[in-house]
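**Q** Numbering (the numbering used here), first residue to last: -15 to 171.
It is possible that some hints are incorrect.
Pairwise CB distance ranges, derived in the manner of DEER restraints [said to hold, decoys possible]:
#: 1; residue 1: Leu153; residue 2: Gly87; range: 40 to 48 Å
#: 2; residue 1: Asp56; residue 2: Leu153; range: 26 to 34 Å
#: 3; residue 1: Val95; residue 2: Asp25; range: 19 to 27 Å
#: 4; residue 1: Asp100; residue 2: Arg(-8); range: 17 to 25 Å
#: 5; residue 1: Asp36; residue 2: Gly87; range: 25 to 33 Å
#: 6; residue 1: Gly135; residue 2: Arg13; range: 38 to 46 Å
#: 7; residue 1: Arg127; residue 2: Pro88; range: 29 to 37 Å
#: 8; residue 1: Glu94; residue 2: Pro141; range: 28 to 36 Å
#: 9; residue 1: Leu96; residue 2: Arg127; range: 32 to 40 Å
#: 10; residue 1: Arg(-8); residue 2: Lys138; range: 16 to 24 Å
These are calculated hints, taken from the structure and not from any lab test. Where is the CB? At the ideal position from N, CA and C, for every residue including glycine.
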Amino acid sequence: MVNGVWYRLHGATLPPVTEVLMVGEVARRAALAQFGALGGDSSPVLAGHLGDGKALWQHQHAFYLPEDRDGDGWVDHLLIYAPAGFNPTELAALMRVERLYGGPLDLRAEVLLAWDDRVPGSADLAAGEADTWESATALILPRHPKRFRTGRPKLTPLGEQVDGPEDQLRREIALRREAGVQVLPDP
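Work out the full structure, taking the sequences as your base and the hints as a guide.
**A** Okay, structure coming up:
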């Protein structure tokens, strides 16, 4: 089953890496539009939630990951990845995504690779592996950091704020696999 589709983006002006959230949301809308054009009713994997609005359990939804592959500060590739894979209609919809447009964005999307990550090495060209990840954008926390009524932060046994960035990152990574998270100071 295909887990990921990797695209090269083209346009008169590529968006800066600071606009990855907009690019990801426009890509999500494009995928859902193509799914609908194929007669699909709804896709929890592409949408990220069930028909009743509840989020998919354990993040089995598609991740829309714009990237600056050549390091020049402009978004030039897009990776759409779902841990459990895409069904045939979802995959067909993703293969039909040829344009990302909305707001100031108007890009052409060229499919470079689709892969099944159960096949060793199949995702290496698009995603590869890394021991260290650095975000180009701010982390958007799904939960508010916890505080006592006095305003003092509630702390975990590790001395970090409950539902603070480090706590939430550890929880998110634990959902996917056992791994340590270390927050490095800004350079």
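**Q** Now, for every hint given, state plainly whether the structure supports it.
**A** Comparing the hints with the structure gives:
At about 29 Å, the beta-carbon gap between Leu153 and Gly87 misses the expected band of 40 to 48 Å. As the Cβ distance of Asp56 to Leu153 is approximately 28 Å, the hint placing it in 26 to 34 Å holds. Take Val95 and Asp25: their Cβ atoms lie about 24 Å apart, and the range 19 to 27 Å holds. At roughly 20 Å, the beta-carbon separation of Asp100 and Arg(-8) lies within the given 17 to 25 Å, and the hint holds.
Between Asp36 and Gly87, the C-beta spacing of about 29 Å keeps the proposed range 25 to 33 Å intact. For Gly135 and Arg13, the hinted distance range of 38 to 46 Å is satisfied, since their beta carbons lie about 40 Å from each other. At roughly 31 Å, the beta-carbon separation of Arg127 and Pro88 lies within the given 29 to 37 Å, and the hint holds. For Glu94 and Pro141, the hinted distance range of 28 to 36 Å is not satisfied, since their beta carbons lie about 49 Å from each other.
The hinted window of 32 to 40 Å between Leu96 and Arg127 holds, with their beta carbons roughly 36 Å apart. A beta carbon spacing of about 45 Å between Arg(-8) and Lys138 contradicts the range 16 to 24 Å that was offered as a hint.
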